[in-house]
Amino acid sequence: MADWVQSQSRSENVAASRQREDGTGATLSKDTTQAAIVGVGQTNFGELYARPQAPRDPYGLAAAALREALDDAGLTIADVDGLICSRVDYGRMATVLGLQHPRVVNSYEGSGRMSGVAVQTAASLIADGRAGVVALVYGNNGRSAEYKYAGQDSAPEVAKHDRMYGMTSPGAYVGMMWRRYQHQYDAPDGALAPVAINNRYHAARNPGAVMRDEITAEEYMQARWVADPLRLYDYCIINDGGVAMIITSAERARSLRKPPVRIAASASSGNLTNYYTSTDFFYGPCRETADRVYAQAGLRPEDIDCLEIYDNFTPVVLFTLEGFGHADRGTAWEWVKDGKLAFDRERPTNTCGGHTGESYMQGWSLHVEAVRQLRGEAEGRQVKDCRTAQYMCASPIVSSHILVRD
Amino acid sequence: MRKEAALPLAPAVNDQTYGYWEGTKIGELRLQTCGQCGSQWFPEAPVCPKCLSPDVEWKAVSGHGRLWSWIVMHQKAFPSYRDEGPYLCAFIQLDEGPLMISTLVDPPAELQCDLPVRVEFVDLDEDRAAPVFRVEP
Numbered sequence: 011m012a013d014w015v016q017s018q019s020r021s022e023n024v025a026a027s028r029q030r031e032d033g034t035g036a037t038l039s040k041d042t043t044q045a046a047i048v049g050v051g052q053t054n055f056g057e058l059y060a061r062p063q064a065p066r067d068p069y070g071l072a073a074a075a076l077r078e079a080l081d082d083a084g085l086t087i088a089d090v091d092g093l094i095c096s097r098v099d100y101g102r103m104a105t106v107l108g109l110q111h112p113r114v115v116n117s118y119e120g121s122g123r124m125s126g127v128a129v130q131t132a133a134s135l136i137a138d139g140r141a142g143v144v145a146l147v148y149g150n151n152g153r154s155a156e157y158k159y160a161g162q163d164s165a166p167e168v169a170k171h172d173r174m175y176g177m178t179s180p181g182a183y184v185g186m187m188w189r190r191y192q193h194q195y196d197a198p199d200g201a202l203a204p205v206a207i208n209n210r211y212h213a214a215r216n217p218g219a220v221m222r223d224e225i226t227a228e229e230y231m232q233a234r235w236v237a238d239p240l241r242l243y244d245y246c247i248i249n250d251g252g253v254a255m256i257i258t259s260a261e262r263a264r265s266l267r268k269p270p271v272r273i274a275a276s277a278s279s280g281n282l283t284n285y286y287t288s289t290d291f292f293y294g295p296c297r298e299t300a301d302r303v304y305a306q307a308g309l310r311p312e313d314i315d316c317l318e319i320y321d322n323f324t325p326v327v328l329f330t331l332e333g334f335g336h337a338d339r340g341t342a343w344e345w346v347k348d349g350k351l352a353f354d355r356e357r358p359t360n361t362c363g364g365h366t367g368e369s370y371m372q373g374w375s376l377h378v379e380a381v382r383q384l385r386g387e388a389e390g391r392q393v394k395d396c397r398t399a400q401y402m403c404a405s406p407i408v409s410s411h412i413l414v415r416d
Numbered sequence: 004m005r006k007e008a009a010l011p012l013a014p015a016v017n018d019q020t021y022g023y024w025e026g027t028k029i030g031e032l033r034l035q036t037c038g039q040c041g042s043q044w045f046p047e048a049p050v051c052p053k054c055l056s057p058d059v060e061w062k063a064v065s066g067h068g069r070l071w072s073w074i075v076m077h078q079k080a081f082p083s084y085r086d087e088g089p090y091l092c093a094f095i096q097l098d099e100g101p102l103m104i105s106t107l108v109d110p111p112a113e114l115q116c117d118l119p120v121r122v123e124f125v126d127l128d129e130d131r132a133a134p135v136f137r138v139e140p
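Those protein sequence lines, which keep their order, are chains B and F. With the working numbering, letter number 198 in the first sequence gets 208, and the count goes up by one each step, no holes. With the working numbering, letter number 27 in the second sequence gets 30, and the count goes up by one each step, no holes.
Pairwise CB distance ranges (calculated):
hint : chain 1 : residue 1 : chain 2 : residue 2 : range
1    : F       : 17        : B       : 231       : 40 to 50 Å
2    : B       : 70        : F       : 130       : 40 to 50 Å
3    : F       : 108       : B       : 310       : 42 to 52 Å
4    : B       : 395       : F       : 108       : 56 to 66 Å
5    : B       : 280       : F       : 82        : 31 to 41 Å
The list that follows gives simulated cross-link-like pairs (lysine-lysine, BS3-like), each with its CA atoms no further than 27 Å apart:
hint : chain 1 : residue 1 : chain 2 : residue 2
6    : B       : 158       : F       : 79
7    : F       : 79        : B       : 170
8    : F       : 6         : B       : 170
9    : B       : 158       : B       : 170
10   : F       : 62        : F       : 6
11   : F       : 28        : B       : 170
12   : B       : 158       : F       : 6
13   : B       : 170       : F       : 62
Listed below are several chain B residues computed to face chain F (Cβ distance under 10 Å; list not exhaustive):
hint : residue
14   : 185
15   : 192
16   : 234
17   : 237
Calculated directly from the structure, the hints in this document are not laboratory data. Backbone N, C-alpha and C fix where the C-beta goes; we use that ideal spot for every residue, glycine too.
Start from the sequences, fold in the hints, and give me the full structure.
Right under this line is the structure:
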């Protein structure tokens, strides 16, 4: 996946320095062949959640999001020549959209790790000229279709010996990591509360979020166990919704409706074993991904204004902060205390409410939030002077992008 | 672990699992072992994940390991576990290296990571027994 960036660094690269107010002097490479996110759209997750019903059509949810994303970009479906889907099948999706002859078309499975991968694919298609305008669409009817992410319908090809012991669901495998992390780094019970509280703090300020109530440390501790050491508020929501993004070249982006958000860097690294449980809490592959993404962008962790972290379960936020150099190894649980992750504090993180507060759109809506923060559109939770944002996903496919507003 | 809960979820006896299950019925925990490079791994795979050799056979291992971590499952995910109450799932690192999910029999009140454990077996049916682990005294 680094190929697209490498090819760009060989192309005519106009480097521009940006002197930050704090004088750190971060350098951003400005390259007109790079890709930019020019349109975002998503359903109102809270409204959908409030109206339970028979299984919704995920293609309808995805199409609604795409309509909004096209409008956001000032483009029409006729401008789209690349279609990348996730959780929905490309054949049905293209049919629904009347997109009969896209130059490039593809689908990724509906797993959280794939949102970052899909964005990387779109960026590389743009960079090498195989597509001019790529629509990324995602539709999820997980709640109305009563999807459980556990039990009989969970992935049969891996971990098939585990089920006879009653072991199932990504949360339980993350719980294994969290207990081990607690052992290694002396993190007490309750150390995840600041992460859960932060997500709800932001969700309460996001009109599209599912969970609009803030929670306290006491409420966190009193919530029921799901897979001890993880409680209810450590878990992502299961909800219905759609998300879409439009990606084109940074050059074309300049003439479109909204301020372009350039994908300044992107990298990934697999961490594939039989188990979701990673014995180093994804640290190695995160570190490797981080080294590449920061080098490409010419930025350091402390240069990033807004962090959007894939948080299927709260421990993953801590693993990610450490793996990507935002906190020292073994210390993130202390580092996040006292509201540090709030949008108006030191390290704004998961400003939409994340997967435990806003929605479980498997990383997709975190990308949308990054774009809105960079454009200054996140009213009520806007990070001040937000110029750089980073998406990070610690999972069996670790990925990260750095997005910038020039 | 009650056999009634585990049995409906146990992997079938087939070409890939036969050697594993055969071991469990005679009190052996077995891992697939590469005839070319000697690597051992779990769960079963068609080729060696180190050298891709298809020369693979099940070999008995020590049955000793340590408790890497554990969870206590409160969610009712499987019908056969519906009446179990909260139950423990353990992530065991075998002395030979591979990791496996299992459970602990008669766990002590105070558990901690890295406790040494040793395999035992719970009979499931005439062809299969489930490896479980006991914390070593």
